[in-house]
Amino acid sequence: MQIDLRTVSITPLRQTFSHVADRLGADKAASRYIEATMDVQPTVNYHYRPTWDPAHELFDAARTQIVMRDWYALKDPRQYYYGAYTQARARMQETAEADFTFVEERGLADRYDDAARRTALDFYVPLRHVAWGANMNGAAMCAYGYGTAITQPCLYAAMDQLGMAQYLTRLGLLLGSQGELEAGKQAWLAAPAWQPLRRYVEDTLVLKDWFELFVAQSVVLDGLLFGLAYKEVDTELSHQAGPVVSMLTRFQAEWFQEHTKWVDTVVKAVAAESEANRALLAGWVVHWRARAREALEPMAQLALETGAAQAALDRVAAVLDARLAKAGLAV
Amino acid sequence: MDMKASKKLSLKDRYNLMTRDLAWTPTYQAVQDVFPYTQYEGIKIHDWDQFEDPFRMTMDAYWKYQAEKERKLYAIIDAFTQNNGHLGVTDARYINALKLFLTGVTPLEYMAHRGFAHVGRQFPGAGPRVACLMQSVDEIRHAQTQIHSLSNYNKHYNGFQNWRHQHDRVWYLSVPKSFFDDAVTAGPFEFMVAIGFAFEYVLTNLLFVPFISGAAYNGDMGAMAFGFSAQSDESRHMTLGLEIIKFILEQDPDNLPIVQAWLDKWFWRGYRVLTLVAMMMDYMLPKRVMSWKEAWEVYAEQNGGALFNDLARYGVKVPKGWEQACKDKDHLSHQAWNTFYNYGAAAAFHTWVPSEADMKWLSEKYPDTFDQHYRPLWEHYAREQAEGRRFYNGTLPMLCQVCQVPMMFTEPDDPTKIAYRESDWRGNTYHFCSDGCKSIFDHEPEKYVQSWLPVHQIYQGNCFTADADPSQPDFDPLADVLRWYKLAFGQDNLDYADSQDKRNFEAWRSQATSN
Amino acid sequence: MTVKSVAPYDFPPQDTVDQFPAPLLYIGWEDHKMFCAPFCVPMPPTTLFGDLVKGALPGFFGAHPDFARIDWDQVQWIRSGQPWQPDAAKSLADNGLGHKSLIRFRTPGLKGLGGSSH
Amino acid sequence: MPNVFIAFQRNEETRPIVEAIVADNPAAVVNEQPAMVKIDAPGRLVIRRTTIEDEIGRDFDLQELQINLITLTGHIDETEDEFVLSWNP
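From first to last, the protein sequence lines stand for chains A, B, C and D. In terms of the numbering used here, the first sequence opens at residue 1 and continues consecutively. In terms of the numbering used here, the second sequence opens at residue 1001 and continues consecutively. In terms of the numbering used here, the third sequence opens at residue 2001 and continues consecutively. In terms of the numbering used here, the fourth sequence opens at residue 3001 and continues consecutively.
Incorrect hints may have been included.
[As the list claims (entries may be wrong)] Label pairs and their in silico Cβ distance ranges:
{"#": "1", "chain 1": "B", "residue 1": "Gly1461", "chain 2": "C", "residue 2": "Gly2096", "range": "44 to 50 Å"}
{"#": "2", "chain 1": "C", "residue 1": "Gly2098", "chain 2": "B", "residue 2": "Gln1385", "range": "25 to 31 Å"}
{"#": "3", "chain 1": "B", "residue 1": "Gln1385", "chain 2": "C", "residue 2": "Pro2021", "range": "49 to 55 Å"}
{"#": "4", "chain 1": "B", "residue 1": "Gly1461", "chain 2": "C", "residue 2": "Asp2073", "range": "58 to 64 Å"}
{"#": "5", "chain 1": "C", "residue 1": "Arg2106", "chain 2": "B", "residue 2": "Pro1473", "range": "36 to 42 Å"}
{"#": "6", "chain 1": "C", "residue 1": "Pro2065", "chain 2": "B", "residue 2": "Pro1473", "range": "30 to 36 Å"}
[Stated by the list, open to error] A few chain B positions that, by computed beta-carbon distances, are all more than 10 Å from chain C:
{"#": "7", "residue": "Glu1041"}
{"#": "8", "residue": "Gly1042"}
{"#": "9", "residue": "Asp1047"}
{"#": "10", "residue": "Pro1054"}
{"#": "11", "residue": "Asp1078"}
{"#": "12", "residue": "Gln1082"}
{"#": "13", "residue": "Asp1168"}
{"#": "14", "residue": "Gln1251"}
{"#": "15", "residue": "Lys1327"}
{"#": "16", "residue": "Glu1387"}
{"#": "17", "residue": "Gly1388"}
{"#": "18", "residue": "Thr1410"}
{"#": "19", "residue": "Glu1422"}
{"#": "20", "residue": "His1443"}
{"#": "21", "residue": "Leu1482"}
Because the hints were derived from the structure by calculation, they are not lab data. We put the CB at the ideal spot given by N, CA and C, even for glycine.
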């Protein structure tokens, strides 16, 4: 049976906007991601210099030493524009909500092994402050970066970090209490185990080159910390006391998989652009990777024995190095 | 998002743990280095924790509700596209209001996105920082949903296709562009008063009602959908703008004069940008929602009045230009439409003489001014057009140095006289359209001497195509400027009456409704 | 008052005379707002004022029906808000006009289309 | 006493919400337009979670109002149970 389904077909004058057609090489239908991202940031004829940074134009590619002929080469493999981004996070949020409700209503938090509980609270609760720093850094990359292709995902990552800081807060309340949150904050401010990492975060908060900040935060710190926290320590805790912490940190683990796909794509494109870029990136990675290793060692031992902590950090570092090599940045 | 785990915690306490409690005072780096931009404006903040965010949204709730809105919105955009919804609009003249929106307003949404990312990083207070970042991510939503819902119009009508290129170059688009450049290049506190409060709170309904209700009234479900969906984010933005100005004023009495000066400046600059909206309401909507005069009386005089007497307890006074704006309400839209009718050959949308039915509506809405001041003008244009002499003004206009609108505005108490103001600064003369713009210049001359005035830039030779050769005898400068604008002569510009848009719309509509 | 900024905030003005082919002149015809705004035109300083009136003004304002009926002897000139008597035989410069000078002229008896000052 | 107002998109989700608001605010005036429903109230408007839950027969989080909200004026005071709009609190 053939149904003659026809709506009135009108031949359009064009398929997309001119600047998008130029980028596609022809006037053909463009994805929502492309139409919502390509060339959306202005590039010329700014009327006034910023009073907060008179040395630069309002949007200025010279705010980083990295040089790209076309900053729109840094496309996001996930193709996140606002609509796609929020719907992806809403699905992840729904799962996280179900996990938190399940753990609470089945009394899994109450019956969780106390030694593992102590480790989880000592190790995970202060990480919410690291995520707060990452939120600030993501906002800076978005504000001072150049071209919507890179600035847009940086802000989404910043909001993700805020969301994860809030999930870590809920973990602290569920496994512990409001008192545990305060204890975690005191540890973050004063406990020796946390000071190298706090210093690392505070040193990133004053970085002026937003792409060095991208390396220090999104490439190195996220790369090593998420591997340590949501793979190594998570696996150790689930051996000891079952999957409760895995359920309460599932969002972070899944987020990290997706995040590295984007980060590696960006590193690859920037490194491939020029030898100067590659050398700059290499220098930053070498510097911040050493700083990150030194920062993570003491806090890792809050959850892993010294030997195990070293082995875990070695594995995590190896994963990061492999990612960088694949992205053309063997360092 | 029900929070059974911490039912014992109130919404307020839970929110504080999830926001304010995340922040700490840095010790390995000086606070002044982590937050370097909070001193230079002279605003004194003693306790950032006094800021109250009434919406208290955490990220999980944000993702959940915003994703739900996006699903509904894109379903409407797809449905609208699938059944050629653009053919359902009252009349293709309406589509020219959308061209003005995409080339003039959508780019401002993106600037708000970048501006709020900047202040969302620079404010030391955790509450304001998070509220600003949520607004930043809302604003890119608005830019992108507008691009997506207008993308379908771009396929069928002229004037949308070069919105990015034109926003940064075309003469009338320097008005919205310079407005937002001014706000984002100001300090973080001024940005919040300018955009968060003056633009998002005081003037938002004067932007919302014309465009969204205008779309609804003119059968444009696509634009109506994104308007309603975006406007629900606006209620959070309006509230942030109101809370931040109360917070600043409560922190220190020294802040009042600084904030009042900003209010005076940004009410005026915002009002000047709304000139385009006034024109659109009275002249570009085939089916009109209300007149600019009525919108001003409801949303500025009534609502704005209620707002400012609510703020009176902080010592805030009604903005300096308020009285003049109330006087202008009988003239603004007509003067603006005349300017675009004059320069219809250099605009990326179509203009036209109002029909007899339009003028009947205008007479009723403007009983004291329309017939006496403006009907003779439109009737002259109609006669000239009928005799094949459709008037286009061939000489470039003088612009105001601050708002950059052509000097079309009249004296507050004499609508027959163009208003001229001027100031001398370091041996150069600068001209303005009003006391409001002159005082903005006099207050910060170093800022406004940088203005990229489109007419001056044309005369400086900065607006010609790369291969142009001005020395050639047959070189037509204005034609080359339109090429530099990527404005297709005879297609994107000129009168609606003989436009391709009109022909196509009528042909497609009859194709859709007859056999 | 000056701009508050984190660092010195002083940039060259965009519109100094050297950046133009000729100094700018702003010129408006009072009570004829059919021309929605005064005009901005570069005008060589050596141009005689009479040539400006006879040579350039028709091109700027000729489209208005009142233009042909102007009695140039009755025209009243205003310069930056003050009454002003230009000398037709002298150049713009000798008449004191410089970069970004503003002149307006009133034509008694002619009040625009239907007396609406348009 | 100036009005506060709240406006929702007009659809099946907001119909019961508007009814709940009218029930809790006797002085409220409902203005229905093609796609928007606007509720004005002198000085103060309170939206109660439980009243809405009775109307729709399921749990309701007041933050869900965001989905169909269009615009509002007045100072906002929100708790788990009430969403209040008012001038000079």
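Hint check:
no., hint, result
1, B:Gly1461 <-> C:Gly2096: 44 to 50 Å, "violated, 27 Å"
2, C:Gly2098 <-> B:Gln1385: 25 to 31 Å, "violated, 40 Å"
3, B:Gln1385 <-> C:Pro2021: 49 to 55 Å, "violated, 34 Å"
4, B:Gly1461 <-> C:Asp2073: 58 to 64 Å, "violated, 39 Å"
5, C:Arg2106 <-> B:Pro1473: 36 to 42 Å, "holds, 37 Å"
6, C:Pro2065 <-> B:Pro1473: 30 to 36 Å, "holds, 33 Å"
7, Glu1041, "violated, 5 Å"
8, Gly1042, "violated, 7 Å"
9, Asp1047, "holds, 23 Å"
10, Pro1054, "holds, 30 Å"
11, Asp1078, "holds, 42 Å"
12, Gln1082, "holds, 42 Å"
13, Asp1168, "holds, 15 Å"
14, Gln1251, "holds, 18 Å"
15, Lys1327, "holds, 17 Å"
16, Glu1387, "holds, 12 Å"
17, Gly1388, "holds, 14 Å"
18, Thr1410, "violated, 8 Å"
19, Glu1422, "violated, 6 Å"
20, His1443, "violated, 5 Å"
21, Leu1482, "holds, 18 Å"
Of the numbered hints given earlier, the model fails hints 1, 2, 3, 4, 7, 8, 18, 19, 20; all others are met.
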